[in-house]
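Between the sequences and the hints, there should be enough to build the whole structure, so can you do that?
Residue numbers (my numbering), protein chains in the order written: chain R, 390 to 725; chain C, 390 to 725; chain Y, 390 to 725; chain V, 390 to 725.
Keep in mind the hints are simulated off the structure, nothing from the lab. Among the clues, some could well be false.
[Stated by the list, open to error] Simulated pairs of lysine-lysine, PhoX-like, Cα-Cα distance not exceeding 25 Å:
#1 K550/C <-> K483/C
#2 K424/R <-> K424/V
#3 K483/C <-> K463/C
#4 K480/Y <-> K550/Y
#5 K480/Y <-> K463/Y
#6 K424/C <-> K424/Y
4 protein chains.
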Amino acid sequence: MLPVVDFRPPFNITRASHIVLHVADLRRSRDFYVKIVGLVVTEETGTHCHLRGLSEACHHSMVLVQASGEATCKRIGFRVYLDEDLDAACKWFKEQGLPAEWVQVPHQGRTLHVEDPFGTKLELCAHMTVCERLFLQVERFTGAHAQRLDHFQIFSPDTWKSCEFYSRLGFRNSEYLAHGDKLLGAFMYRKGTCLDLAIVESEGPKMHHFAYIIPESHLIFTACDLAGNHGYGASVDRGPGRHGPGGMLYVYLLDPDGHRVELCDGHYQTIDTEVEPVRWDAASLSTNVRWGLPATAHWYSHATPFEGASTTRPATMPNPLTLETYIQRQLAAQAG
Amino acid sequence: MLPVVDFRPPFNITRASHIVLHVADLRRSRDFYVKIVGLVVTEETGTHCHLRGLSEACHHSMVLVQASGEATCKRIGFRVYLDEDLDAACKWFKEQGLPAEWVQVPHQGRTLHVEDPFGTKLELCAHMTVCERLFLQVERFTGAHAQRLDHFQIFSPDTWKSCEFYSRLGFRNSEYLAHGDKLLGAFMYRKGTCLDLAIVESEGPKMHHFAYIIPESHLIFTACDLAGNHGYGASVDRGPGRHGPGGMLYVYLLDPDGHRVELCDGHYQTIDTEVEPVRWDAASLSTNVRWGLPATAHWYSHATPFEGASTTRPATMPNPLTLETYIQRQLAAQAG
Amino acid sequence: MLPVVDFRPPFNITRASHIVLHVADLRRSRDFYVKIVGLVVTEETGTHCHLRGLSEACHHSMVLVQASGEATCKRIGFRVYLDEDLDAACKWFKEQGLPAEWVQVPHQGRTLHVEDPFGTKLELCAHMTVCERLFLQVERFTGAHAQRLDHFQIFSPDTWKSCEFYSRLGFRNSEYLAHGDKLLGAFMYRKGTCLDLAIVESEGPKMHHFAYIIPESHLIFTACDLAGNHGYGASVDRGPGRHGPGGMLYVYLLDPDGHRVELCDGHYQTIDTEVEPVRWDAASLSTNVRWGLPATAHWYSHATPFEGASTTRPATMPNPLTLETYIQRQLAAQAG
Amino acid sequence: MLPVVDFRPPFNITRASHIVLHVADLRRSRDFYVKIVGLVVTEETGTHCHLRGLSEACHHSMVLVQASGEATCKRIGFRVYLDEDLDAACKWFKEQGLPAEWVQVPHQGRTLHVEDPFGTKLELCAHMTVCERLFLQVERFTGAHAQRLDHFQIFSPDTWKSCEFYSRLGFRNSEYLAHGDKLLGAFMYRKGTCLDLAIVESEGPKMHHFAYIIPESHLIFTACDLAGNHGYGASVDRGPGRHGPGGMLYVYLLDPDGHRVELCDGHYQTIDTEVEPVRWDAASLSTNVRWGLPATAHWYSHATPFEGASTTRPATMPNPLTLETYIQRQLAAQAG
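Here you go:
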């Protein structure tokens, strides 16, 4: 039921690279990501803060931008392998009748702004300014020791169509979620792990969350404890828990603007082409919880809009079993 | 507001020792404690299963007894230091007009059955058959590598009176929970850590939970994963989370009979007499959650009865903020 | 000083895949890899045992073969991306005047045996029989929970020439070790981490070690403890320690035939082409130890021969500071 | 073969409490203990620095004193339970003809200086100024997150006599090391774990090491990495490794003055009187290494003198198998 993957795609996207987020208070958000998540500030000005994970050699995997208005997501960024892949990408997007525009972005090589068919704002580049990897500078560690940006999860009004689009760019599904023959979630990768881009059916395009890898599971607790100590106890939005698809341990935190960041441990290696994607059969997303309570309605429905993007609702909105519904059913059963 | 502690008590209780539980299906319960919690079977018959933690030299810290009727808690056991402490205990309980009876218990030295003023069934002994500590026999590890029984939590209809009783036996509070001048929770110890016996205000006497220590925090996740894999995913009753009082990481599991076992990491050392108990001010227990959602009503109210003990309700039943109430308030706020 | 890398190589090797080892006692070796390393047996016959790591979907990353004679390494295997890459590889090796032979290997797709210019025995395939990933089947975990084969380290009589050869196949250096303008160690990868193939200057070709990834650092200790408990305490050949190049935590074990297996935690992500390889300046390898003692002479010099391969000594044998030399110098200094 | 223990000792020593060390450079030593070990500075002056572990409520478990001369150990401190125990102690020591002197020590209650029969400098007090436990203040964690002082190891010229002395004070052996009927090591406790005081046969009295507990095993590696990063890579004196007696994971570091600090994970609970001490039969200490190499001669012989104490050699000096001897034997075997 999954779309055909192009194993020799028109250009070579290698990995999820960076996210650019509007924030209402640059300093407060920077502190959140440094003190709780454990990112390192590469560079900071009055309006921009560039951060990276401890094991990243790139200049930034997160750019916080002081917002004057709504705290949107400006772009999610992907790397391409070589500079020539950018030219191929530009040509390809134009051929598809999709937006493609060259832009200048500090600390990045030639950069291309493109959009997928639902208006998801993408940014492609082949290079960034190189920085020192800090993964052994233990004395500089803070927060949950986030190592590197891993993946994005976006909302799409038509998961199959989005999945089909990214399959043409060589993205493959490690796992997927379906109800009957309806695709509800596509967990897609380029870089040889489970995920670079997860696509989930809901009103979109929106950015549901982005994820950083932590090196060991105990740091999930460190993140929660630090969230609590820094006044973000109520921002532990979901978890700690164990994913169905992908199988990672996770916790989701809401940053000061409500952008959702996931911390998860590493996942398995993919790469080999003979391995079939794992199917999760689901009447609703929540049936894939291995233990613990279902996620809240907020977790299922809240996501960050992309700057300037208009959204579309799916033909049928998914109806996952939320914590709220679960509790109400239990109370009704007890009353009944 | 806490009762006076007798620092030279009439006899020397040294630690929480063991729990004796009725179970509906001996084999199923044994498997639960071996495969998920990680206890080791010392000895098993058709009607009894004796288990111990990996670092315990005692013959048993848990005795499962095949039940014909209700799955009650038969006894919670404490050790006294020397055999002569048993005689002093027998004398003291009789002087108080409380039950005290010598019994024969396999693999235990002279054993005394006593009750606190609310009828909590206690068992005291000075010695057990000695077994090999297995904490380095890595090849025999299963489950969450539970190391040793740590503490019990009981319900009392009058926490202050119960606390006063155990204070006379030399138990000290590491921390306590109060609302105004009403004591709601007493976290008491003998053995130099935070806890041997927690007493919480509710209809009692009942056994709310018992706790085993796990050596490292990642084993909290192992316990949850194994619970899920063995069909007990819905039995993860609370957590993983971080305690207010005591500050341990925890997860609570329900065994096949609904007996509640906590797995928690170690706690701080107490011993020194100049350190004051930590007070937690609480309108309700749930306000002490550092991060994550409140516990369910089930967690607050469900507990195992003691065999043959009649229970009493507190003058005022505590009214903690449950997950159910929390969710309903949130839904009402959104609707309103 | 490093050779030029072909970023569009003639065929696409994707990763280190598997190792085929002769062993003197199949059952004993299988037990070693299952009980200490934590591999899972996929299939076993009287003469062959196929094993895989917990997160591997491939049929085998290790094949143990009952030896009648010397316990050599038969082959180290790499995956290519698509079947058509095998044809391209066959053509390319023949053009270079290097051995290339199609062979039939159970549970592998079309398989090609080739050799590098120094006679290192390589095996290429695009596909294997797919097996279930077991990384969440906690109840089946044994040993140190090895997740997946990560890399090989081989001896080459001319590291630069070997590095140049693999660079033409698209292998890139994450890090390298040099003394002046002499390349002593090349740490090369294809799969987006630090390593698929490490090449170190010494009499070769030989297989110095292969490495499996463990998911968390505490499992380094688990491996050592299990080695001790199973009678292999003296087989802890080096470590636990922290690498200079790559920065991983490691321990090296010798299996019953003296084949050396490394267990290490994960490494950083590479992929991006603008990042320069890290240079380690070294009079000898041992100067890169961050803490702890130098490795023994045995660790530096002992390696497994490839089946039927004749070896060549380097023009100049490296002279690393061994533990033996270090201790003798210290004793001499004290005596002097 | 072990001395008789007095289970109702003349006064109640409860635990190892603190160590007072001369250091050549107060600031450098403080940095070592804060940045690598992870202690917290409670108070610092130009001549004294008081530190405590993260979970300690006491004012100090370590006092660094700026030395003008040799970097000796001034005292090792023990707690007694109640103030009245101090009076009983004073009386008892005087009855034995041993030094006993009341002194004033800042941040301590009434304090008694005493000596054991070999001149080991002891300091007893019942109380200290109480400080906040910081074990959940994750944002303040540094180094290896040392939680609390655990034990001291001293050299004695006659282990049996020392053991007999402390047995009269209620210290019990959890484990011991003997060769035939010669006691070489006594691992003694008061507080319900394995150790408060280890006594090893060598020229003494000297302070061989003191130990802090780390909460999880991965912090052993953190300590090593930080030692390396801060220029103390060569100060990793032994380990990481696994103890024979006690079974803890350990690493030993040398501080800037050569005082030896051990970091180890927690140990098993003792308390119960029916459990016999574990005997380790040993021709030499080093035979009890479970895996890894023997300790160096420096580890066996180097220890910190007590201020002003004259030392005595044992009748027979122990002759453990050192790393140096082990290597020389191996080289001789290869040469022969």
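Structure-based check of each hint:
1. Distance hint between K550/C and K483/C is fulfilled; the C-alpha atoms sit about 19 Å from each other, no more than 25 Å.
2. About 18 Å separates the Cα atoms of K424/R and K424/V, which keeps this hinted pair within 25 Å; it holds.
3. Our distance criterion of 25 Å between C-alpha atoms is met by K483/C and K463/C, whose separation comes to about 21 Å.
4. Restraint check for K480/Y and K550/Y: satisfied, since their Cα atoms lie roughly 21 Å apart, inside the 25 Å limit.
5. For a cut-off of 25 Å, the pair hint linking K480/Y to K463/Y stands: about 23 Å separates their Cα positions.
6. Simply put, K424/C and K424/Y have alpha-carbon atoms about 18 Å apart, close enough for the 25 Å limit, and the pair holds.
In this structure, every one of the numbered hints holds.
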